[in-house]
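Chemist: Given the sequences, and given the hints that come with them, work out the whole structure.
2 protein chains.
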Amino acid sequence: MGLQDTLRALADPIRRDILSLLKTGPLSAGDICSHFSVTAAAISRHLSVLKEADLIRDHREGKFIYYELNTSVLEEIMFWITELKGDRDDA
Amino acid sequence: MGLQDTLRALADPIRRDILSLLKTGPLSAGDICSHFSVTAAAISRHLSVLKEADLIRDHREGKFIYYELNTSVLEEIMFWITELKGDRDDA
DNA sequence: TTAACAATTAACTTAATTGTTAATTGAAGT
DNA sequence: ACTTCAATTAACAATTAAGTTAATTGTTAA
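Sequence order for the protein chains is W and H. Position one of the first sequence corresponds to residue 1 (this note's numbering), numbered consecutively onward. Position one of the second sequence corresponds to residue 1 (this note's numbering), numbered consecutively onward.
These are computed hints drawn from the structure, not numbers from a lab. Hints should not be assumed to be uniformly reliable.
Derived lysine to aspartate or glutamate pairs resembling EDC-like cross-links, with alpha carbons at most 16 angstroms apart [to be verified]:
id, chain 1, residue 1, chain 2, residue 2
1, H, K85, W, E75
2, H, K85, W, E68
3, H, K23, W, E83
According to the in silico footprint, chain W covers these stretches of chain H (three or more CB under 8 angstroms from chain W) [to be verified]:
id, segment
4, 5-14
5, 19-30
6, 76-85
Virtual Cβ for every residue (Gly too), placed ideally from N, Cα, C.
Modeler: Have a look at this one:
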């Protein structure tokens, strides 16, 4: 966890697309897979990277595992960028 | 250029530290190197990644090449995050 | 032109990431 | 218990990334 994990997770286009997919609400791993042309195993690993960064949360419902977005850790990036830009009032 | 390059560039702690160093103003490659415990060649490559992402600009002054921060491309990340968080009025 | 210095580029090594297929875990139904 | 389906984990191949040392480019000054 932390800024490093968050940025690393965001540095992959598939992972960003997964997050965008989850914008409208939780989806099962299978649902997510169906949007991509890579194998389920590959998506599963992307999901684990996103989960490690706490960008998504998961919960099982019967056979399905649902993933949902957690945007709270994005605040840290916003803060880092803001301070890099100078935290000035006049911006 | 684009979001992908920007995020990839930010996904490395040394590169983020370089950007932070440049917050106060331009520095030569040598000045930047002196803050890190890796070789000048390694820093030079980090600088080229940052430049490719347009996060820094460089200009030569005699023997020295000075680097300075360019924060404008960070807007794109801010926008992407904001829209991911839902662009709602109530936030 | 040669020497000295700043910085980059080249060549190479090692470690990390991404993808594949095959095997495994977990839950539901027969 | 056995099968089936959803999803993950394991094992491996291929690519990318980051670091090193050595060689090269560019600039200044003798």
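Chemist: Please list, smallest to largest, the hint numbers that this structure does not respect.
Modeler: Checked against the structure, no hint fails, so every one of them is satisfied.
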